[in-house]
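Protein chains in written order, with my numbering: chain A, 1 to 230; chain B, 1 to 230.
Calculated from the structure, these hints are not laboratory results.
Keep in mind that the hints are not guaranteed to be accurate.
Only pairs whose alpha carbons sit at most 20 Å apart, straight line, appear in this in silico SDA-like list of lysine to any residue [unchecked claim]: (1) A:Lys143 with B:Lys8; (2) A:Lys8 with B:Glu123; (3) A:Lys95 with B:Thr155; (4) A:Lys147 with B:Ile152; (5) A:Lys8 with B:Ala106; (6) A:Lys147 with B:Thr155; (7) B:Lys8 with A:Pro126; (8) A:Lys207 with B:Ser113; (9) A:Lys168 with B:Asp10; (10) B:Lys147 with A:Asp156; (11) A:Lys220 with B:Glu211; (12) B:Lys220 with A:Pro126; (13) A:Lys8 with B:Ile152; (14) A:Lys8 with B:Ser73; (15) B:Lys143 with A:Lys143; (16) A:Lys95 with B:His149.
With the C-beta cut set under 7 Å, the calculated list includes, among others, these residues of chain B facing chain A [as the list claims (entries may be wrong)]: (17) Ser34; (18) Ser105; (19) Asn166; (20) Ala182.
C-beta atoms are modelled at their ideal positions from N, C-alpha and C, and glycine is treated no differently.
There are 2 protein chains.
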Amino acid sequence: MWERLDTKFDHASIAQLDRRFRNLFINSLTGFKSANLIGTTDGNGVDNLALFSSLVHLGADPSLIGMISRPHSVTRDTIENIELQGYYSINHVNKDIYRKAHQTSARYHREISEFEAVGLTAERVPGMPAPCVLESRIQLGMKFAQKIHLDINDTDLVIGEIIYVNIKDDIIREDGYVDIEAVSSITVSSLNTYHETLALDSLCYAKPDRELASVSSGNKFVPGNDDGSC
Amino acid sequence: MWERLDTKFDHASIAQLDRRFRNLFINSLTGFKSANLIGTTDGNGVDNLALFSSLVHLGADPSLIGMISRPHSVTRDTIENIELQGYYSINHVNKDIYRKAHQTSARYHREISEFEAVGLTAERVPGMPAPCVLESRIQLGMKFAQKIHLDINDTDLVIGEIIYVNIKDDIIREDGYVDIEAVSSITVSSLNTYHETLALDSLCYAKPDRELASVSSGNKFVPGNDDGSC
Numbered sequence: 001m002w003e004r005l006d007t008k009f010d011h012a013s014i015a016q017l018d019r020r021f022r023n024l025f026i027n028s029l030t031g032f033k034s035a036n037l038i039g040t041t042d043g044n045g046v047d048n049l050a051l052f053s054s055l056v057h058l059g060a061d062p063s064l065i066g067m068i069s070r071p072h073s074v075t076r077d078t079i080e081n082i083e084l085q086g087y088y089s090i091n092h093v094n095k096d097i098y099r100k101a102h103q104t105s106a107r108y109h110r111e112i113s114e115f116e117a118v119g120l121t122a123e124r125v126p127g128m129p130a131p132c133v134l135e136s137r138i139q140l141g142m143k144f145a146q147k148i149h150l151d152i153n154d155t156d157l158v159i160g161e162i163i164y165v166n167i168k169d170d171i172i173r174e175d176g177y178v179d180i181e182a183v184s185s186i187t188v189s190s191l192n193t194y195h196e197t198l199a200l201d202s203l204c205y206a207k208p209d210r211e212l213a214s215v216s217s218g219n220k221f222v223p224g225n226d227d228g229s230c
Numbered sequence: 001m002w003e004r005l006d007t008k009f010d011h012a013s014i015a016q017l018d019r020r021f022r023n024l025f026i027n028s029l030t031g032f033k034s035a036n037l038i039g040t041t042d043g044n045g046v047d048n049l050a051l052f053s054s055l056v057h058l059g060a061d062p063s064l065i066g067m068i069s070r071p072h073s074v075t076r077d078t079i080e081n082i083e084l085q086g087y088y089s090i091n092h093v094n095k096d097i098y099r100k101a102h103q104t105s106a107r108y109h110r111e112i113s114e115f116e117a118v119g120l121t122a123e124r125v126p127g128m129p130a131p132c133v134l135e136s137r138i139q140l141g142m143k144f145a146q147k148i149h150l151d152i153n154d155t156d157l158v159i160g161e162i163i164y165v166n167i168k169d170d171i172i173r174e175d176g177y178v179d180i181e182a183v184s185s186i187t188v189s190s191l192n193t194y195h196e197t198l199a200l201d202s203l204c205y206a207k208p209d210r211e212l213a214s215v216s217s218g219n220k221f222v223p224g225n226d227d228g229s230c
């Protein structure tokens, strides 16, 4: 079904890959991804919870996050709810809940809440119309901003602004870094493989004329810093 | 400078965060990200190499990857080269080269190749006009497809198609999954912290009426499978 030249694939051999093989293969190639549960409600009492690995940081001021959705996927309800209600939650998947998170990707009937189906708890936050995941240790409340259709492959880029952050532990460093590994946030590769992490290093702001240093008790990372300190 | 309510931030307290604190903080919130080096050339003999953590899988057929670029950042040369030449490479950052990869984010003069400046090797691939990173074990050759400007915060979504894949080890499973952990691809949190990974599990395709199983020698993950096997 597919041509393998040493370990190289060219355009033609990629095109000839079996559809299911190709799906796992291509999804592996961008590298490690975040795993987040998106919580929404339909306005008629039915909550929805869907696993996304396609989130992307768009900017810090305003605080914007994008995510990719395919129109015919199981996550279509999520996008409909977001457009209808204007709000959604983003909840980090951690080591304790990744199997339940994966189970939300089953094609449940739309009258069924995935929260109940997989055994996660919808947490109501005052001022936030979308349900959060109680078992998640990093929860974001999002206000829908814009949906951009990508004609090139009929997907949608959904953009929202962060209006609420709840971090359930003392893991915010004084420079602003949030130690997401300390609350067991996990990472995903391809479509179905989950990984915990082990920190290697935090590095200082890089400058052309200076040897790279690690952030330590004596160093503090300052984005865009140009005063010679870390 | 910022208000902290328990561990909660609302819209107003996010807006009041110090700019540098906010940059590290907000960049932490999407979760773990991929770390990739983008290789380009300017057509006048100067190669460019830039670290991106904003890649996002857009689709497997056609095989499309998006990435976010801010117009005034150090990665501006990368986008100019991509538009001019039409090609770029994506190279996984691994445990052996993450410090050199981070160093590419220094603001080098545009006549200086970051390959040479940080000590990585530009690898020329026949048919691929953009330089790959020899030290990377997963290299993708990309053909530029489209740039979409996001007015909401003046960033660009750059979309390309995969036309070449080189995986430098025997890590492609028979179902198509690429074991990126086995070649020490790493993941990044916020702007400056690098992590290696430890696989927890590969899970079967989820179905509403069936208990979730792990992929093992007897199970094979089949995306969208509905015949009752894994």
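**Message:** Does the closest beta carbon of chain A sit nearer than 7 Å to the beta carbon of asparagine 166 of chain B?
**Reply:** Holds. Min distance 5 Å.
**Asked** Are the Cα positions of lysine 8 of chain A and glutamate 123 of chain B separated by 20 Å at most?
**Response** Given pair lysine 8 of chain A, glutamate 123 of chain B holds - Cα atoms ~14 Å apart, limit 20 Å.
**Item:** Agreement of lysine 147 of chain A and threonine 155 of chain B with the hint, judged by alpha carbon distance not exceeding 20 Å
**Value:** 15 Å, holds
**Request:** With chain A as the partner, please determine if serine 34 of chain B meets the hint condition of a C-beta pair closer than 7 Å.
**Result:** 3 Å, holds
**Asked** Is the hinted pair lysine 147 of chain B and aspartate 156 of chain A satisfied, with a Cα-Cα distance of at most 20 Å?
**Response** 15 Å, holds
**Prompt:** Is the hinted pair lysine 8 of chain A and serine 73 of chain B satisfied, with a Cα-Cα distance of at most 20 Å?
**Reply:** Since the Cα atoms of lysine 8 of chain A and serine 73 of chain B sit roughly 33 Å apart, the hinted pair is violated (cutoff 20 Å).
**Prompt:** Are the Cα positions of lysine 8 of chain B and proline 126 of chain A separated by 20 Å at most?
**Reply:** The hint holds at about 12 Å.
**Prompt:** Does the structure keep lysine 8 of chain A and isoleucine 152 of chain B at a Cα separation of 20 Å or less?
**Reply:** 39 Å, violated
**Request:** Have a go at the serine 105 of chain B hint: is there a Cβ in chain A nearer than 7 Å to its own Cβ?
**Result:** Given a least distance of 5 Å, the restraint on serine 105 of chain B holds.
**Request:** Could you grab the alpha-carbon distance between lysine 220 of chain B and proline 126 of chain A and see if it respects the 20 Å cut-off?
**Result:** Given that 20 Å is the threshold and the Cα spacing comes to 44 Å, the pair is violated.
**Given hint alanine 182 of chain B near chain A, where the shortest CB pair must fall under 7 Å** = Interface hint status for alanine 182 of chain B: violated (11 Å vs cutoff 7 Å).
**Message:** Next pair to validate is lysine 143 of chain A with lysine 8 of chain B; report whether the Cα-Cα distance is within 20 Å.
**Reply:** 16 Å, holds
The structure fails hints 3, 5, 11, 12, 13, 14, 15, 16 and 20 (numbered hints given earlier, in ascending order).
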